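Taken in order, these protein sequences are the chains called A and B.
Quick note: the working numbering has the first sequence finishing at residue 395, numbered continuously throughout.
Quick note: the working numbering has the second sequence finishing at residue 395, numbered continuously throughout.
Treat the hints as calculated values from the structure; they're not laboratory data.
Check before you lean on any hint, since a few could be wrong.
Note: identical chains are not told apart, hence a pair may lie in one copy or across any two.
Below, a list of computed lysine to any residue pairs in the SDA-like style, where the Cα atoms sit at most 20 Å apart [to be verified]:
| hint | residue 1 | residue 2 |
| --- | --- | --- |
| 1 | K303 | G285 |
| 2 | K354 | A342 |
| 3 | K354 | P262 |
| 4 | K354 | V366 |
| 5 | K303 | G292 |
| 6 | K354 | C18 |
| 7 | K303 | I284 |
| 8 | K303 | E276 |
| 9 | K303 | A342 |
| 10 | K354 | R243 |
| 11 | K354 | V173 |
| 12 | K354 | G311 |
| 13 | K354 | A295 |
| 14 | K303 | R340 |
| 15 | K303 | D58 |
Please read these numbers as outputs of a predicted model, since none were measured by experiment.
These are the residues of each chain, in order.
There are 2 protein chains.
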Amino acid sequence: MTAPLYEARPGTPDTQQCMRRRNLSRVMHSVAAEGPLSRAAVARHIGLTRAAVSTLVDELIRLGLIEELGPQRPGRVGRPGSALVASRRGPAGVGAEVGVDHLAACVVDLSGEIRARAEVRVANRGREPGPVLGELAVLIRQVTDQAEQEGLRPSGLAVAVPGLVARDTHTVVRASNLDWHDTDISALLPTDLPLTVDNEANFGALAELWLGNDTPADFLHVSAEIGIGAALVVDGRLLRGTRGFAGELGHVPVRPEGPVCPCGGRGCVEQYAGEEAVLRAAGIGPGEDRVGLLAERAAEGDKDVRRALRGAGSALGVALTGAVNLLDPRAVVLGGALSRLAPWLLPTLERELKRRTATPADGVMVSRLGPDGPLLGAAHSAVRAVLDDPVGVGG
Amino acid sequence: MTAPLYEARPGTPDTQQCMRRRNLSRVMHSVAAEGPLSRAAVARHIGLTRAAVSTLVDELIRLGLIEELGPQRPGRVGRPGSALVASRRGPAGVGAEVGVDHLAACVVDLSGEIRARAEVRVANRGREPGPVLGELAVLIRQVTDQAEQEGLRPSGLAVAVPGLVARDTHTVVRASNLDWHDTDISALLPTDLPLTVDNEANFGALAELWLGNDTPADFLHVSAEIGIGAALVVDGRLLRGTRGFAGELGHVPVRPEGPVCPCGGRGCVEQYAGEEAVLRAAGIGPGEDRVGLLAERAAEGDKDVRRALRGAGSALGVALTGAVNLLDPRAVVLGGALSRLAPWLLPTLERELKRRTATPADGVMVSRLGPDGPLLGAAHSAVRAVLDDPVGVGG
Numbered sequence: 001m002t003a004p005l006y007e008a009r010p011g012t013p014d015t016q017q018c019m020r021r022r023n024l025s026r027v028m029h030s031v032a033a034e035g036p037l038s039r040a041a042v043a044r045h046i047g048l049t050r051a052a053v054s055t056l057v058d059e060l061i062r063l064g065l066i067e068e069l070g071p072q073r074p075g076r077v078g079r080p081g082s083a084l085v086a087s088r089r090g091p092a093g094v095g096a097e098v099g100v101d102h103l104a105a106c107v108v109d110l111s112g113e114i115r116a117r118a119e120v121r122v123a124n125r126g127r128e129p130g131p132v133l134g135e136l137a138v139l140i141r142q143v144t145d146q147a148e149q150e151g152l153r154p155s156g157l158a159v160a161v162p163g164l165v166a167r168d169t170h171t172v173v174r175a176s177n178l179d180w181h182d183t184d185i186s187a188l189l190p191t192d193l194p195l196t197v198d199n200e201a202n203f204g205a206l207a208e209l210w211l212g213n214d215t216p217a218d219f220l221h222v223s224a225e226i227g228i229g230a231a232l233v234v235d236g237r238l239l240r241g242t243r244g245f246a247g248e249l250g251h252v253p254v255r256p257e258g259p260v261c262p263c264g265g266r267g268c269v270e271q272y273a274g275e276e277a278v279l280r281a282a283g284i285g286p287g288e289d290r291v292g293l294l295a296e297r298a299a300e301g302d303k304d305v306r307r308a309l310r311g312a313g314s315a316l317g318v319a320l321t322g323a324v325n326l327l328d329p330r331a332v333v334l335g336g337a338l339s340r341l342a343p344w345l346l347p348t349l350e351r352e353l354k355r356r357t358a359t360p361a362d363g364v365m366v367s368r369l370g371p372d373g374p375l376l377g378a379a380h381s382a383v384r385a386v387l388d389d390p391v392g393v394g395g
Numbered sequence: 001m002t003a004p005l006y007e008a009r010p011g012t013p014d015t016q017q018c019m020r021r022r023n024l025s026r027v028m029h030s031v032a033a034e035g036p037l038s039r040a041a042v043a044r045h046i047g048l049t050r051a052a053v054s055t056l057v058d059e060l061i062r063l064g065l066i067e068e069l070g071p072q073r074p075g076r077v078g079r080p081g082s083a084l085v086a087s088r089r090g091p092a093g094v095g096a097e098v099g100v101d102h103l104a105a106c107v108v109d110l111s112g113e114i115r116a117r118a119e120v121r122v123a124n125r126g127r128e129p130g131p132v133l134g135e136l137a138v139l140i141r142q143v144t145d146q147a148e149q150e151g152l153r154p155s156g157l158a159v160a161v162p163g164l165v166a167r168d169t170h171t172v173v174r175a176s177n178l179d180w181h182d183t184d185i186s187a188l189l190p191t192d193l194p195l196t197v198d199n200e201a202n203f204g205a206l207a208e209l210w211l212g213n214d215t216p217a218d219f220l221h222v223s224a225e226i227g228i229g230a231a232l233v234v235d236g237r238l239l240r241g242t243r244g245f246a247g248e249l250g251h252v253p254v255r256p257e258g259p260v261c262p263c264g265g266r267g268c269v270e271q272y273a274g275e276e277a278v279l280r281a282a283g284i285g286p287g288e289d290r291v292g293l294l295a296e297r298a299a300e301g302d303k304d305v306r307r308a309l310r311g312a313g314s315a316l317g318v319a320l321t322g323a324v325n326l327l328d329p330r331a332v333v334l335g336g337a338l339s340r341l342a343p344w345l346l347p348t349l350e351r352e353l354k355r356r357t358a359t360p361a362d363g364v365m366v367s368r369l370g371p372d373g374p375l376l377g378a379a380h381s382a383v384r385a386v387l388d389d390p391v392g393v394g395g
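For reference, chain A alone in the conformation it holds in the complex (with noise of 0.2 Å):
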């Protein structure tokens, strides 16, 4: 997996400064990851001599980033390397999110423990922003005063939202089902911290790479909370697009004389295999936690759910198809709700797939974070932050 590093901006000169800033940045994600280790172990890890580790080794100590915990493993022959962990009480990142039917935040630190977390049902549909902000905003103070107290410092904070993101910017575009426009998140959720806004999708699919077991570094994350999204990681970085707004797999028209879709378009695949299109097929009703009925009502062989799902399935593969033959991704990845019902999304899923195209290596995978994925893939982007450039972020 490739750590996206701390890179001077292009077209500006390579200085000893920015050279010195990338090693420490290497020798904070291989201690984050692996520790612990001692100065010679991360020495091999990252290609460079002991006596330069240990001078940004001893750096990152003074910034109260990296942590001794001693002599290790005194039985062996030689002299005892001392054993390096990511601080326990050193900087965290802050994860929040705002679902359609939740809200939830924690705080994760350096070594990728989650050291607080709340999180509350509540229907956001229709809200408006100030006051679902406002609770929010309640939630992230009770994660961040609990690590305080367990000497963390907070260092930044990433809210995920069910909605289009404008790139570089904390304003949501569109978020259809909060019936959200233009909303700058930044005016409504006052914060000390360093801000990011990003859509869930796009969290989900950090989460994925960062976390996820054997998930490749180029693959094409399909999540479904309510509407349908999805998430292309490359070479192990997000491809945002030009305005932020790559990824919108659910407006991929799979019939362009289908059903007319509140997006202007026609046929898009939402209108077959989105929440709102399955429970019609399956004949069920409004109520809680719909996901889990579909899932309960196939697991016992509900005909007509089983039938809606296997329509799903087979609009999600027409689309995918295209998306695959663009993008040639090493696998798919199921992500949030949909990976609840990937087993009876997936045959007709995969059959439209394999005699479309040429499938991907690793085929198609169902996400074991499902929907925790958003919160975490926050966290941790504000936690990768610091190890991305420990200097400038955590120091």
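With chain A's structure known, arrange chain B on it following the hints.
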């Protein structure tokens, strides 16, 4: 435009040596793109000190990659700077192209000037790869001999083919319109030069990126000779896909139950907008330069031809809607044979895009390189290998 500079492999440490090679590359790119330039101007361009740049320039002069033109603008106050240009007698890139109806080769010098070019019309469909590549070798020898007589040193050969090329190999996995399968170009095209083989759509897109006017660094390049191909450029880099198969726009399904396609799928866009499909819909039989004939008849107002092109534009619009939703490029660029038909394809293509998705910021652009794109992209890719790593490749 972001230059793909020499990079240390991921996971390897950053050293003084890497840094020096990157800075040599920056100087080389700057002089090749903007020369003649004084040392002071280069220093301003890339943000290093005049002293640092002088050392780098001296090394590039010693390697024969940069030449001094002698003192410039002697009428001005102060010590005149000696203007630097990319060497006209240094390394050069050789490009070659296997087309369905032609073969071509050319040599491009470090400043981007075409110094030799040769082309023959020949019907290659269904011919064995051996004789075709034998004829291509004759053209390559012809242009390299001519370049060497002018004091150039060919330093790399890049070959564009109308088919899928397995990533980082010389093997054409499938070129349907030549009927070639698993063809190892390096075995049939003996050369002493470092060889690269890639899909014509990829080289066409790179030509657009490097040579186009106002081409953004993020775009989807659509090209057609006989088949329909595409290539994605993201942040100034080609997105190749894990197997090298990205950009297969031709087999994006437009109508899932549409006509059977030789790829095994149904209703692929090539069945509606590929050359064969358009000629059939327009009632035009076999013959030479049928795209030219289409353009001519469309210009004359032929109703059948115009209807066929409207239908093709509409199918392309639906397939591109999916691509734009997934990738959010800054522009769609129509290249290859398509660019000649743009006036009659664009209205329906743009109508579908507009009603189905947020049209890219720069809209749909028409390539000015047209059918020259792949050959120029191939030659320039060999030139840029020198600019990207002057010591390793050019030295």
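Discussion item. When Cα atoms must be at most 20 Å apart, do K354 and P262 count as within-copy, between-copy, both, or neither?
Written reply: between (30 Å within a copy, 14 Å between copies)
Item to complete: Classify it for me, K354 with C18: is the Cα-Cα distance of at most 20 Å met within a copy, between copies, both or neither?
Response: Classified as neither; 47 Å inside a copy, 44 Å across copies.
Worksheet item: Which holds for K303 with I284 at a C-alpha limit of 20 Å: within a copy, between copies, both or neither?
Response: For K303 and I284, the Cα distance is within 20 Å only inside one copy (13 Å; across copies 50 Å).
Worksheet item: Should K354 paired with A295 be assigned to within, between, both, or neither, using CA atoms and 20 Å as the limit?
Response: Neither. Shortest intra-copy (25 Å) and inter-copy (37 Å) distances fail the 20 Å Cα cut-off.
Item to complete: Tell me, please, which holds for K354 and V173 at an alpha-carbon limit of 20 Å: within, between, both or neither?
Response: between (36 Å within a copy, 18 Å between copies)
Worksheet entry | Alpha-carbon proximity context of K303 and G285, limit 20 Å | within (16 Å within a copy, 51 Å between copies)
Practice prompt. Tell me, please, which holds for K303 and R340 at an alpha-carbon limit of 20 Å: within, between, both or neither?
Written response: The answer is within: 18 Å in one copy meets 20 Å, while 53 Å across copies does not.
Fill in: Intra- versus inter-subunit Cα pairing at 20 Å for K354 with A342
within (17 Å within a copy, 34 Å between copies)
Worksheet entry | Up to 20 Å CA-CA - E276 versus K303, copy category | within (18 Å within a copy, 44 Å between copies)
Practice prompt. Since the copies are identical, ignore which copy is meant and state whether K354 and R243 lie within 20 Å (CA to CA) inside a copy, between copies, both or neither.
Written response: between (32 Å within a copy, 16 Å between copies)
Practice prompt. If the cutoff is 20 Å on CA atoms, where do K303 and G292 land: within, between, both or neither? Let me know, please.
Written response: Cα proximity of K303 and G292: one copy only (16 Å, versus 56 Å across).
Worksheet item: How would you label the pair K354, V366 (within, between, both, or neither) given a Cα cut-off of 20 Å?
Response: within (17 Å within a copy, 34 Å between copies)
Comparing the model with each earlier hint shows violations of hints 6, 13, 15; every other hint is respected.
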